[in-house]
Amino acid sequence: MTLFKTLAVAAVLTSAASLPAHAGATFDAVKAKGFVQCGVNLGLYGFSAPDDKGNWAGLDVDACRAVAAAMFGDAGKVKFTPLSAQQRLPALQSGEIDMLARNTTWTLSRDTANGLNFAVTTYYDGQGFMVPRKLGVKSAKELDGATICVLPGTTSEQNLTDWFRANKMSYKPVVIEKNEELTSAFFSGRCDSFSSDTSQLAAVRANEAANPDDYLILPELISREPLTPVVRHGDDQWLDLVRWSIYAMIAAEEKGITSKNVDQMLTSPDPEVKRILGATPGNGQSLGVDEKWAYNIVKQVGNYGESFERNVGMGSKLKVERGLNALYSHGGLMYPPPFK
Amino acid sequence: MIDRQPHDHSATGVAAADVEEPSAVSLQPPGPPRLLGWARENLFGSVPNTVMTLLALALLWEVVPPFLSWALVHAQWGGDGAACRQAEGACWALVGERHRLMLFGVYPYDQHWRPLLATAILVTLLATSAVRAFWRPWLLWAWLAGFAVIALLMWGGVLGMPYVETDMWGGLPLTLALAVLGIALAFPLSIVLALGRRSELPVIRAFSVAYIELVRGIPLVSVLFMASVMFPLFLPEGVTIDKLLRALVGMVLFTAAYLAEAVRGGLQAVPRGQEEAADALGLSYWRKMRLIVLPQALRLVIPPIVNQFISCFKDTSLVTIVGLYDLLAATKAALADPEWRPFFVEGYVAAALVYWSFCFFMSRYSQWLEHQLATGQKR
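If you read the sequences in order, they're chains D and R.
Quick note, in the UniProt record's numbering, the first sequence goes up one by one and the last residue is 340.
Quick note, in the UniProt record's numbering, the second sequence goes up one by one and the last residue is 379.
The following block holds chain D by itself, in its conformation from the complex:
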């Protein structure tokens, strides 16, 4: 792994120094070749994974499809490049892919030193704790002295150490390399608590617990993981399109526009709905795409809420609650800027 890191860092440094910075290059190149090349995860259910029929599905995959729908009016004009964690940033920097939607956490160093631009967070994740209900614990603050199951060598382990130290508490880690063994260790009662990203905790609870209601995910989050699609530095027009394609999904949810009612909504009297769907033209021209761009996104991919429920929410096997990913009007963080 150290070798990977060294190589990746070397790759990052060479490319960041030599990247051309002429505006519009990626936008024009994507338009000319006729499809979006999108980097995704090799297999993370709910975010990007092939389904039974080998079709890509997930929240990240929908972000790629939305951009294709905005650019070409066809959400199918995407080619997916599955990438490992080591490969993802160099693949974007070398121009092998046009955008990266691979459950990537937005951090300062990635945003600056790596020569990348993050678009809009599509999923706010964070590390949390799951405990058996019969333990009677209601807050992570009560976990002093607990044994905690955690994957070794990840940021999860580091976050855990930091958080317990900051709160002047202690814990006994049970580190197990394999994810599957780790979860079975927790369910067989070897640890008081299991710590990982809450999206993962929810998935494990929904699918591997004998009775999901016996387990509780504690309210505290000990890390911030805003999972965000990324593009390269150097093409602001492309960044704008990726950014507004995702905002269009969020705004559509706020305005109640869904893939089912989008055609009726075209005649809505609401001026912002008109601007979003292109009934009042202008936005498409500013972005350099067809005026129907957002209509195509909602029609073919759906609004953010639809995508969320289908991939990670109640309509999926993960059964994740909206939580931080609800609209701002429902206590979440999803807040689209005005479409003016």
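What the hints contain is simulated information worked out from the structure, not anything from laboratory work.
Note that the Cβ used here is the ideal one computed from N, Cα and C, for glycine as well.
Now the in silico label distances, taken between C-beta atoms and shown as ranges:
(1) R:Pro-202 x D:Asp-28: 49 to 57 Å
(2) R:Ala-82 x D:Lys-53: 20 to 28 Å
(3) D:Gln-158 x R:Ala-82: 35 to 43 Å
(4) R:Ala-82 x D:Thr-147: 25 to 33 Å
Here are the simulated lysine-lysine pairs, PhoX-like style, with alpha carbons at most 20 Å apart:
(5) D:Lys-53 x D:Lys-79
(6) D:Lys-77 x D:Lys-292
(7) D:Lys-274 x D:Lys-260
(8) D:Lys-255 x D:Lys-274
(9) D:Lys-53 x D:Lys-317
(10) D:Lys-53 x R:Lys-332
(11) D:Lys-299 x D:Lys-260
(12) R:Lys-332 x D:Lys-317
(13) D:Lys-178 x R:Lys-332
Starting from the known structure of chain D, arrange chain R on it as the hints suggest.
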């Protein structure tokens, strides 16, 4: 003839067994007593023997019945993940439900007959090549034609078959294609490298030595990593070379370096007199190598060569780090679904069976080949 000894030994061993058996039958009545006699002599012949036998039996008793109960008796053969969680045994329903993803990766679902047919053609060609009666020039043409048909099937784009780019190839066909092409291309390259290393021309020798030592000094993952991550950084923006091709070239270059050393071992084992005799006949360098030296050298090193082939076959699972779905990566993708995630053991067992059957075929084939080609040494 240097290795005459071991061959003679095994040959007489086989002959001795052939002779002994009829005589044993004539001395003892047929049926169970013969088995008992054998058991008494071999399993309970002495105190240590008896102890070892009892320990082995106890171990088998501990392992085999629970395994059979898990794998067969209490196994769940159909249904969904919920049904599997209720079952006590293995969840083979996973393989039933998700085998198409495991075998073909993200290849378009309604086109799966194409990789299936391509795999069948490839396996048929492999099986045909294992029969000595078919070792005729037409076999080479059959292979070339077979590759053409396979390429046509996999890519498509003609005869009403939609075009499928290599990014979407996956599973077993990808593993087999990488292994067979990798071996087929690495083998000639390795012979050239081995001859180069023994060449009397300093530049060629230095190049071969440097190449072999350099490649052997780095692990395959880093070769693949260089090919997939670093290499594109040096290309102009927008220019990309097919990912599958990059991985294949990486594997060929890597395997060739290892094979070259095995081949060189064979070359060194051929007595100097053979080359001198060829020189005396006035053969050119290439004819001397082709007719006299290489046939003897390669026959001597069949075991290490097949060893390398098998490891090349298994190394194909490393291409997952460059984002290709080989059999193992496709199996992992099939296990990404949380409904099936608890049944990872069954998924990996299924994949292991596929790997094992191909490796076992290669290993048996090499033993048979060795036997076939050793005829000149049996006297």
